[in-house]
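S.K.: As a plain string of letters, each chain reads:
2 protein chains.
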Amino acid sequence: MATTVTKTAHPFDKTRLEALLTRRFFYAPAFDIYQGVAGLYDYGPPGSSLQANIISEWRKHFIVEEGMLEIDTTILTPAPVFETSGHVARFADWMVKDAKTGDVLRADHLVKNVFEARLAGDKEARGLAAQPKEDDKDKKQKKRKDKALKTAAVQLSDEVVAEYERILAQLDNYSGPELGQLCRDYKIMNPDTGNEVSEPQQFNLMFTTSIGPTGQHPGYLRPETAQGHFVNFQRLLEFNNGRVPFASAQIGRSFRNEISPRAGLLRVREFTMAEIEHFVDPDDKRHERFADVRDVELSLLDRDTQSAGSTAPRRMTVGAAVDAGVIANETLGYFVARIYQFLTKVGINPSRLRFRQHMANEMAHYATDCWDAEIENSTGWTECVGCADRAAYDLTVHSKRTGVPLVVREALKDPIITEKEVAEFNKKVLGKTFGRDAGVIQEVVNSLPEEGLIKLKGELAQGSATIVSPDGREFKLAPEILTIERQTLKQSIREFTPNVIEPSFGLGRILYTLLEHSFWSREQDVDRGVLSLPTLVAPTKVLIVPLSVRKFDDLVREVSNKFRKGGVFSRVDDSNQSIGKRYARNDELGTPFGVTLDFASIQNRTMTLRERDTTEQLIGSIDEVVAVVTDLVNGTIDWPAACTRLPRYTGTQNVD
Amino acid sequence: MATTVTKTAHPFDKTRLEALLTRRFFYAPAFDIYQGVAGLYDYGPPGSSLQANIISEWRKHFIVEEGMLEIDTTILTPAPVFETSGHVARFADWMVKDAKTGDVLRADHLVKNVFEARLAGDKEARGLAAQPKEDDKDKKQKKRKDKALKTAAVQLSDEVVAEYERILAQLDNYSGPELGQLCRDYKIMNPDTGNEVSEPQQFNLMFTTSIGPTGQHPGYLRPETAQGHFVNFQRLLEFNNGRVPFASAQIGRSFRNEISPRAGLLRVREFTMAEIEHFVDPDDKRHERFADVRDVELSLLDRDTQSAGSTAPRRMTVGAAVDAGVIANETLGYFVARIYQFLTKVGINPSRLRFRQHMANEMAHYATDCWDAEIENSTGWTECVGCADRAAYDLTVHSKRTGVPLVVREALKDPIITEKEVAEFNKKVLGKTFGRDAGVIQEVVNSLPEEGLIKLKGELAQGSATIVSPDGREFKLAPEILTIERQTLKQSIREFTPNVIEPSFGLGRILYTLLEHSFWSREQDVDRGVLSLPTLVAPTKVLIVPLSVRKFDDLVREVSNKFRKGGVFSRVDDSNQSIGKRYARNDELGTPFGVTLDFASIQNRTMTLRERDTTEQLIGSIDEVVAVVTDLVNGTIDWPAACTRLPRYTGTQNVD
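Sequence lines, in order, name chains A and B. Heads up, the first sequence is in my numbering, so the first residue is 1 and it goes up one at a time. Heads up, the second sequence is in my numbering, so the first residue is 1 and it goes up one at a time.
Just so you know, these hints were derived from the structure itself, not from any lab. Note that the coordinates shown come from a computational prediction; the quantities given were computed from them, not determined experimentally. You can take every hint at face value.
For identical chains, the list gives no copy identity; a pair is met inside one copy or between any two copies.
Think about it this way: if two alpha-carbon atoms lie no more than 25 Å apart in a straight line, the pair counts; the simulated SDA-like pairs of lysine to any residue are:
no., residue 1, residue 2
1, K112, A364
2, K565, A641
3, K565, P534
4, K551, N241
5, K60, V556
6, K565, E57
7, K565, I637
8, K60, D553
All chains, please: the whole structure from these sequences, using the hints.
M.R.: Okay, here's the thing in structure tokens:
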């Protein structure tokens with residue numbers, strides 16, 4: 001009975017989507033009545049609710065399902081923490097300044113934008129691609145602040161095209177000075193002004209502040225939540241009864257003072273992250289549940305493919321990728337697969353999702369392996385989740401700086417038995433013979449390697465042994481002062497610094513790409529935007545539409561209460577507009593179901609049920625419809641199944 | 001069958017509670033491996049979970065129940081917003097400096113601490129109170145940074161005692177210079193050093209930062225979430241179909257650079273707030289649902305009582321308080337009652353909860369009325385929720401500064417008909433006669449009040465009228481240039497700036513006082529701490545305790561899955577400790593229920609169920625126990641009812 005819906009009848013139109021998102025207050029530039037500051041966005045009711053539902057699903061999928069330890073740590077962070085972590089020295093982007101205006105641009109973005117514009121111009125000159133679509137009607141309303149790059153239809157040589165494409169494929173691999181070299185070699189100017197740009201300089205992306213009334217504590221706003229996990233490692237380990245593996249998880253705000261935040265929610269200065277730190281034995285990175293995800297198939301864009309200048313991913317199962325060493329270990333592979341499952345569950349189109357491996361220069365020096373979940377959208381492929389094996393770096397540096405051991409002490413089932421030479425002094429005789437030099441002598445002997453001790457032992461067996469102090473003095477030792485014997489040692493505790501696997505989610509980026517993937521217009525009416533958000537994350541699950549205000553108040557209250565009892569989040573639209581207009585508003589809000597209360601509801605206690613994507617309508621008693629909607633929202637049935645439970649409604653209800 | 005439990009057998013011991021909270025990682029000083037910075041706390045797994053459950057209940061109680069519009073706005077805020085709101089000028093505390101060491105103290109806290117110490121010394125001298133309890137065993141572990149106030153047993157005159165008490169009762173009413181006067185009059189020194197203190201100076205509590213790479217945008221970290229609501233008022237109003245009343249709600253981090261944050265979670269520099277801004281017609285502050293709360297009885301400490309130097313609250317119903325004008329209006333009263341219901345629902349002891357009205361100096365000049373929910377705890381009465389009628393202040397100042405109208409336009413059912421005198425010029429003749437002075441003449445006439453126009457009209461009827469320009473020149477106007485007529489005007493739109501009622505919750509304070517109210521020790525064993533958190537907010541609802549590791553893995557998985565399907569959050573404790581020790585750990589974590597899996601579970605498929613407070617145990621089949629626990633957690637039955645559904649378990653299960 002369910003009809004198929006063509007969601008691709010009209011090409012994706014970003015301007016229409018943005019207009020919808022603003023009109024329905026999914027989100028909006030923060031402080032816009034004050035002209036605001038770039039890179040800050042406020043979420044309105046549907047955006048907040050969508051975000052809350054994505055977070056709730058994240059919590060279920062990761063924290064509850066995997067028994068992770070959730071924490072909530074502070075944003076304000078004293079400077080020493082980020083000095084240790086390396087952020088003060090290295091958490092920076094390369095920026096260039098316009099030589100005349102002083103405008104600031106991010107160096108890698110500049111190169112990317114200019115090369116892409118030149119390649120587009122080349123295609124145009126070759127007659128390969130249509131002109132970028134211009135919709136005059138919308139153009140006037142657009143008011144985009146970023147000046148468009150001038151795409152001159154200039155044909156390039158085949159070699160230059162290949163070179164540009166090769167550079168673009170590995171742009172993340174370029175250092176600041178190398179980006180500067182590219183600007184000179186390829187005559188890259190500021191496209192807004194045509195002026196030359198300066199040498200790239202580093203700009204630290206952390207926001208600074210000062211803690212306390214006397215200004216004695218410089219601090220930063222965290223650019224990620226991870227350090228809050230690491231500094232609490234001891235307490236977390238204890239909470240987990242001293243055992244690894246375990247994971248901590250945190251959802252919270254982070255801040256990055258982006259150089260040029262221009263792309264809506266994709267590059268902002270304040271954002272919500274969800275981060276997991278999975279602590280694991282460095283000698284055993286297998287994962288207990290790896291078998292559950294072994295067959296999950298992914299698009300993997302590995303390091304070698306990128307180095308060869310290609311961006312074509314390979315389809316592989318996680319199992320095959322780990323077996324072949326493409327993904328470094330089981331635990332990393334497990335999380336890559338779980339990330340895939342999460343993203344597709346909340347509604348990301350799997351055909352527009354790939355995992356890209358970091359290249360050598362791009363990855364931190366200590367990391368073992370790193371994969372980004374990239375989601376395709378109108379601006380290209382965007383990193384939305386990172387998944388890195390950070391080895392023992394973080395715990396090691398914090399432990400070194402603070403002197404606090406951040407280690408696991410594991411009782412060994414089979415103690416490790418080792419034999420080694422052990423030197424023992426007769427301290428009394430030693431002291432009597434050498435006086436204050438006794439200390440030096442002990443130090444020299446105790447610092448000898450195994451071979452040194454064996455040599456001394458041999459000399460002692462011959463009658464006496466000679467050692468040399470660091471300042472060149474010789475001491476002759478007799479067997480009654482020093483004995484060296486082979487001893488058997490038993491080690492029953494193993495102490496190690498765990499490694500960290502870190503899946504790190506940018507929730508705003510996921511939310512925005514999800515909105516793009518969900519947006520379409522009805523075939524018969526391009527103006528009627530629909531957001532086909534999955535019921536799981538839709539801000540509101542069902543809209544209650546009374547035919548008119550007041551008359552149906554009691555019924556509205558009854559139906560609302562029934563939905564609330566069933567755990568279904570509903571809203572009422574009792575505005576004065578026509579039912580059709582209210583449903584159209586609802587489609588824009590991504591609400592999957594709507595029920596209408598009219599005179600038949602009063603007389604027959606029936607209600608119609610409308611599905612957002614197909615616009616099909618069913619009819620049934622109030623209780624039947626509530627039951628069907630509850631099942632739909634809980635995911636126990638889908639719409640075709642609902643259509644078998646209730647008769648179709650084709651227009652008018654019988655009212656006697 | 002359920003036995004009664006004496007929770008007050010031992011006096012409340014803050015040191016024991018704090019040790020428990022640290023040991024079980026409810027929360028801990030942030031960055032303590034770095035020695036940290038005062039006023040920052042991290043929440044561990046049980047603290048995060050408790051906070052999440054309080055927030056979840058808050059969302060249900062306020063946002064869902066009242067159909068509020070949830071938003072999520074940025075923490076980073078450009079400076080002009082807080083210049084407009086008044087925070088840059090006035091969001092400050094008075095601090096004094098130690099004249100020799102330069103140590104900084106909050107002036108009001110200094111006066112309070114010194115007066116309280118003197119009053120305690122007086123009581124001691126009179127033999128009225130026992131010495132503060134000192135527990136030597138704990139003392140060594142304490143390492144409290146704040147030096148204890150020296151409580152000298154000095155008797156004061158009765159007049160001085162009365163004076164101190166009067167000042168303390170209205171301390172919030174003192175300005176900075178007045179606090180300085182108190183320090184001089186009463187010889188108040190820094191109790192840590194005995195040195196004099198400086199004159200009080202203002203210290204702004206907002207953290208500053210700079211937004212963007214060029215430092216051109218000074219910004220602040222918000223000290224409250226409220227401005228995020230106000231700057232989005234237009235969008236919210238539109239989302240609500242242009243109608244008031246409606247409320248927006250937001251849960252999020254805020255920051256205050258406290259001068260001396262010393263009291264654990266009660267005075268911190270970073271904290272989570274939940275704020276509601278209820279926008280209402282200034283001419284109609286009735287509340288639709290006021291009847292639902294009319295009979296809620298509260299302890300009210302009103303302004304007059306405090307001014308009279310007393311701190312004894314009155315018991316009154318909300319209805320009576322609004323009727324008598326003690327609480328300014330229905331909407332404010334409605335929220336005060338809803339706050340009371342929320343706090344007691346999550347577990348705050350109602351006998352330790354009062355609502356204190358702000359005194360004149362304490363309240364912002366624009367506010368109509370303000371009540372704080374204060375919760376008693378070991379440090380005294382602490383403000384945990386504020387509830388203010390802020391009148392039209394916020395929207396007015398933002399609108400004035402930005403030029404953006406932040407108003408409601410309401411279609412009037414009955415248009416307002418008014419009659420007034422209207423001046424009309426014959427512009428052609430006016431221009432011909434007066435040339436460039438025509439403009440001045442029009443301005444003068446148009447700015448005349450009603451009486452002025454009537455007077456002019458009279459003169460015109462006499463032949464001509466004379467007016468005087470601001471620079472003193474006289475102009476004689478003839479009736480063919482100016483006519484004045486009485487006209488009937490119809491106004492069908494009413495435009496107004498809504499008022500704001502603002503309930504504002506400090507979640508960390510509520511969480512901490514709840515922990516104090518929930519903490520007790522078993523009568524037979526003072527070391528066995530228990531947190532009797534209500535099931536509704538308890539971090540974990542049920543603990544699964546297998547008799548030993550490995551053997552019961554399948555059963556543990558089965559029972560976990562059954563709980564998860566029933567929506568009951570469980571955790572497994574499969575550590576090697578005895579079941580008794582695991583239950584004791586569990587009592588400290590506030591987990592209300594525990595189930596044990598042992599050999600009988602394998603053979604008979606039974607399970608025992610233990611209740612935290614009574615330590616009573618019941619027994620039943622796995623499915624029966626899961627069903628009973630699910631009902632307990634959902635609140636459909638209580639423990640005595642559970643005891644009628646399952647037989648009591650008294651020690652040993654039958655294993656064949």
